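Now for the letters of each chain:
There are 2 protein chains.
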Amino acid sequence: MTNLQSPVCPLPRSHDEKIVLGHGSGGKMMTDLITKTFQPPLANPALNAGNDAGVVQPPSQAQLAISTDAHVVYPLFFPGGDIGRLAICGTVNDVAMMGAIPHYLTASFILEEGLEVAILEKVVASMQTAAEEADVQVIAGDTKVVERGKADRLYISTSGVGTVIEGHTVGGERAQPGDVVIVSGTIGDHGIAVLEARGDLGFRTELRSDVAPLNHLVREMLAVSDQVHVLRDPTRGGVASALNEIARQSAVCVTLTEEAIPVRPSVAAACEILGFDPLYIANEGKLVAIVDRQDAPKILEVMRQTRYGKEAAIIGEVQEAPVGRLLMKTALGTTRVVDVLAGEMLPRIC
Amino acid sequence: MTNLQSPVCPLPRSHDEKIVLGHGSGGKMMTDLITKTFQPPLANPALNAGNDAGVVQPPSQAQLAISTDAHVVYPLFFPGGDIGRLAICGTVNDVAMMGAIPHYLTASFILEEGLEVAILEKVVASMQTAAEEADVQVIAGDTKVVERGKADRLYISTSGVGTVIEGHTVGGERAQPGDVVIVSGTIGDHGIAVLEARGDLGFRTELRSDVAPLNHLVREMLAVSDQVHVLRDPTRGGVASALNEIARQSAVCVTLTEEAIPVRPSVAAACEILGFDPLYIANEGKLVAIVDRQDAPKILEVMRQTRYGKEAAIIGEVQEAPVGRLLMKTALGTTRVVDVLAGEMLPRIC
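Protein chains in written order, with the working numbering: chain A, 2 to 351; chain B, 2 to 351.
Simulated from the structure, these hints should not be mistaken for laboratory data. Hints are supplied without guarantee of correctness; some may be wrong.
Since copy identity is lost for identical chains, a pair holds within one copy or between any two.
To be verified - DSBU-like mimics (lysine-lysine), calculated; alpha carbons at most 30 Å apart, straight line:
hint : residue 1 : residue 2
1    : Lys151    : Lys19
2    : Lys151    : Lys37
3    : Lys330    : Lys151
4    : Lys151    : Lys123
5    : Lys123    : Lys330
6    : Lys299    : Lys123
7    : Lys299    : Lys19
Given the structure is predicted, the values throughout are model-derived calculations rather than measurements.
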């Protein structure tokens with residue numbers, strides 16, 4: 002049941018109120034949480050109706066792109082963002098990566114008993130700021146509360162629904178030999194910023210997470226070219242994992258040029274010290290695009306005019322073989338395989 | 002990112018394999034989990050494409066009904082169901098309650114390190130059985146893994162997208178004085194079955210959860226009447242909370258007739274002993290409908306011919322005042338207020 006419902010005489014709220022099991026009950030406490038914490042910032046007609054599902058009229062009969070993501074990032078707040086902004090942007094971006102315009106989001110919260118309501122309010126405010134920037138509405142929600150020790154304060158799952166922009170077919174299986182690979186900016190910022198927020202770096206940087214909604218960037222790209230073949234946001238597993246996947250899906254080889262890949266000095270330094278490769282570090286406000294070589298210059302030009310594409314660069318190209326492989330031309334002129342990681346490098350980065 | 006992706010040389014799986022952080026990494030272990038555990042049972046073209054979002058063509062340009070629910074039920078398995086069946090049915094039902102046909106679901110999993118993969122497989126198989134029964138597809142998914150002690154084995158958030166059946170406008174604000182209230186069957190079965198599975202009852206019953214998809218039942222009802230005003234599945238907080246909400250949303254009074262409400266003897270006995278009121282106990286395979294009085298007989302007739310509506314009954318009516326109130330005519334002939342609960346009676350029932 003959608004639990005962002007209509008008001009019933011809200012209970013008074015103290016300044017240091019904490020989440021208790023009653024906030025997930027379906028009763029007065031839950032209604033109070035909804036009417037005070039969720040509804041005012043996120044307000045829109047479909048949500049405010051307070052029914053079991055939000056009802057909306059999509060703007061066209063286009064195909065729908067539908068995605069979901071659970072967000073368990075630790076810590077909840079980090080330089081440049083927080084779990085709320087991440088939960089909105091992550092799902093907005095997944096929808097946008099299909100060449101679609103995201104319109105409607107849902108958000109389901111799992112709250113740990115004892116969570117400060119003030120923290121939740123801060124997260125919801127951040128969600129709304131991100132939703133406004135992305136021009137999407139949260140039209141349905143749900144709240145569950147689990148006992149102390151049965152979650153880690155706060156998890157948010159979001160889902161998104163968008164309409165595919167007509168005249169475009171974007172998908173991981175559409176990379177073609179001869180295409181070029183574009184990245185929208187510096188890589189690894191999010192992962193290293195979160196590591197720093199955990200105190201795991203052992204030193205301080207000025208780094209901020211790149212978490213951002215990329216749907217407007219995608220729309221600009223598709224407006225100048227109908228030859229954008231693949232879009233993907235390289236989150237967990239980074240650019241290396243995303244491009245490995247695409248190489249497999251499209252049965253092609255992707256070859257990167259090491260010196261073309263934009264990496265901030267602070268990210269490079271942190272990776273050097275920690276023994277990480279920035280290619281595997283999570284991004285939350287970057288995309289990789291595989292596009293027709295002829296259209297690449299105009300796509301790059303329009304990307305660089307947008308807020309989140311200023312440092313866009315061509316970083317590689319697509320070849321026929323070896324099929325399913327990601328290769329790297331190093332600064333030394335050698336070529337090496339960039340493989341998929343087996344297991345976990347940085348848990349709970351998103 | 003959608004993490005139900007295309008295959009890469011799956012690793013061998015031992016019989017007692019457990020979830021580790023690497024299963025949430027974006028690397029080989031995650032791909033292995035996806036290709037072995039999620040994709041085979043849930044397979045469909047949109048999911049199998051392995052992109053950031055599932056792309057589908059909705060069958061019409063009707064309004065969309067979109068809902069979401071987090072599922073944290075404890076224990077994971079209970080008589081009559083499990084968290085997987087619950088996660089599908091809960092969201093299918095929320096979409097159906099808007100007079101819509103659910104088509105597409107997404108599922109995001111939060112797994113605790115140490116969870117047995119065999120348990121996850123059992124849950125996913127149960128999801129697929131329920132999805133087939135409901136005639137919906139899971140077209141996108143996500144998996145996150147958190148450290149041991151940071152979740153309670155397994156949480157599932159599902160979202161659902163459906164198309165509103167034309168010619169019908171169903172919503173909590175549409176109850177009208179003179180309407181009658183129908184319930185589709187016995188109340189309280191789910192909550193008491195889960196309590197029993199926890200060992201909290203102190204005695205044994207033969208009770209099973211009613212968890213079921215109600216979308217086909219809804220379709221039958223709407224096929225015989227365009228005067229179904231409100232539909233709601235009384236989950237957390239039970240029939241009492243659902244009808245209180247509707248009374249507020251529609252600014253009407255709902256009056257129930259105590260002896261008309263179907264309650265199994267074992268539920269009544271358990272409630273008697275525990276001091277609960279079945280009206281507040283969660284259901285996961287029941288709906289309440291508020292319909293035009295003239296159409297009620299034919300709606301009831303068609304409900305009783307369906308699998309999940311055999312024991313449907315008229316249990317009350319809608320009046321003008323007192324506005325926002327749920328009242329009960331007792332067997333003794335008195336009338337009492339059935340209020341909203343303040344806090345929590347049965348945590349983690351769904």
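Now the hints, each set against the structure:
1. In the homo-oligomer, the alpha carbons of Lys151 and Lys19 lie at most 30 Å apart both inside one protomer (16 Å) and across protomers (19 Å), since each shortest distance falls under that limit.
2. Proximity of Lys151 and Lys37 under a CA criterion of 30 Å is satisfied in both settings, with 25 Å inside one chain copy and 28 Å between copies.
3. In this homomeric assembly, Lys330 and Lys151 never come within 30 Å of each other (Cα to Cα): the closest approach is 47 Å inside a single copy and 41 Å across copies.
4. In this assembly of identical chains, the alpha carbons of Lys151 and Lys123 lie at most 30 Å apart whether taken from the same copy (22 Å) or from different copies (22 Å).
5. Taking CA atoms no more than 30 Å apart as the test, Lys123 paired with Lys330 passes in neither setting, with 45 Å inside one copy and 45 Å between copies.
6. Taking CA atoms no more than 30 Å apart as the test, Lys299 paired with Lys123 passes in neither setting, with 40 Å inside one copy and 50 Å between copies.
7. With identical chains, the CA atoms of Lys299 and Lys19 are never at most 30 Å apart, being 52 Å at best within one copy and 49 Å at best between copies.
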